[in-house]
Amino acid sequence: MKGSIGTVKKGLSNMPTYAVLPGAMDVYLLNFLQQNVSTYTEVSDLILKIDHFQVSERTLAAKEIGYAEVGVEFLLEENGKMYSLGKFESKREVNGLDVTGKHGENLFFALKDCINQFSESNNKPIEILLDISSFSILDFQPYMRKSTYQTFADWANIFQVSGDFIIKGKNVRGNFPRYQARDSQTKKKIKGLFGFSDGDAFYLNASNYSYGNYYYVKSQLVGPFLLFEDQIGDPMAAVAFGMIGALASLRINFYVLDSRSGMVRMLDDLYMKELLHGHPELMAAYKAAAGTKRENQKEVISQLNAKLLAGLNAAP
Numbered sequence: 023m024k025g026s027i028g029t030v031k032k033g034l035s036n037m038p039t040y041a042v043l044p045g046a047m048d049v050y051l052l053n054f055l056q057q058n059v060s061t062y063t064e065v066s067d068l069i070l071k072i073d074h075f076q077v078s079e080r081t082l083a084a085k086e087i088g089y090a091e092v093g094v095e096f097l098l099e100e101n102g103k104m105y106s107l108g109k110f111e112s113k114r115e116v117n118g119l120d121v122t123g124k125h126g127e128n129l130f131f132a133l134k135d136c137i138n139q140f141s142e143s144n145n146k147p148i149e150i151l152l153d154i155s156s157f158s159i160l161d162f163q164p165y166m167r168k169s170t171y172q173t174f175a176d177w178a179n180i181f182q183v184s185g186d187f188i189i190k191g192k193n194v195r196g197n198f199p200r201y202q203a204r205d206s207q208t209k210k211k212i213k214g215l216f217g218f219s220d221g222d223a224f225y226l227n228a229s230n231y232s233y234g235n236y237y238y239v240k241s242q243l244v245g246p247f248l249l250f251e252d253q254i255g256d257p258m259a260a261v262a263f264g265m266i267g268a269l270a271s272l273r274i275n276f277y278v279l280d281s282r283s284g285m286v287r288m289l290d291d292l293y294m295k296e297l298l299h300g301h302p303e304l305m306a307a308y309k310a311a312a313g314t315k316r317e318n319q320k321e322v323i324s325q326l327n328a329k330l331l332a333g334l335n336a337a338p
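For the sequence shown, our numbering begins at 23 and goes up steadily by one.
One or more of the hints may lead you astray.
Pair ranges (Cβ atoms, derived) [what the hints assert, rightly or not]:
id : residue 1 : residue 2 : range
1  : Ser283    : Val116    : 50 to 58 Å
2  : Gly333    : Ser66     : 35 to 43 Å
3  : Asp135    : Gly196    : 34 to 42 Å
The set of hints was computed from the structure by calculation and includes no laboratory data. The beta carbon of each residue, even a glycine, is placed where N, CA and C say it ideally should be.
Turn these sequences into a full structure, and let the hints steer you where they fit.
In structure tokens:
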């Protein structure tokens, strides 16, 4: 759940600033679609799922480079079932002395490119098993097989994209190891993945919860709620703390992947209480043990997973 769409640099000092939309994203995108997409009478209603919608800037000696990245998935709801019609991405860049004012146009072109890619595609609909109302939790066990997954739908449908890959680690002995999936033959990075599994753990693309980070983080807990820990930088904190900003800006957080929906959220106090709603004994234990501490957060999620799985196994 991101509060901005990236960072830009303002003023002569090029101070990093969060980039925010002028209004709600659904209104912003609906206005764009109404102005830029032709209207037809005999068509099927589609759902546009936004995976990436972000901007960034890079300052060089004599110019700035502005980047826009958009990733979308087209979904079709039919007879109570949801189908994926494909996932499309577009990246654009623009050069200039000051590119901040050009991000809106850059995003528009990237989104339009994704729409054009979809209109020219002929993908076979893939059913997404995400009718949350029909079950309390997913049985995650079948999904833990070695494979790469382009989307959450691939993982939820046990769609094996490729098992022919190797996992390359960086700082694997440190507190926050990061990983990449590489092709077994070419040794090149496999890009654009939602995540991958080695059969025991799941490795989540960090871009699901942070901007501009395309490494993968290994799950600390596997269950109905998968738990990940990462240390990421906050450019605003770096500015506020001056010379020691590189250290002060680093934040250590837990992130939770909900296996029912594919949503990834930071595990803060509000989200923890949302997860524990309906589990009074776990809520009481969480509140009694200074619930903001990460050690306690991990233990509570572990207990929640165990309780949910016990209920699933006991069901007729």
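Numbered hints the structure breaks, given as an ascending list: Failing hint: just 1.
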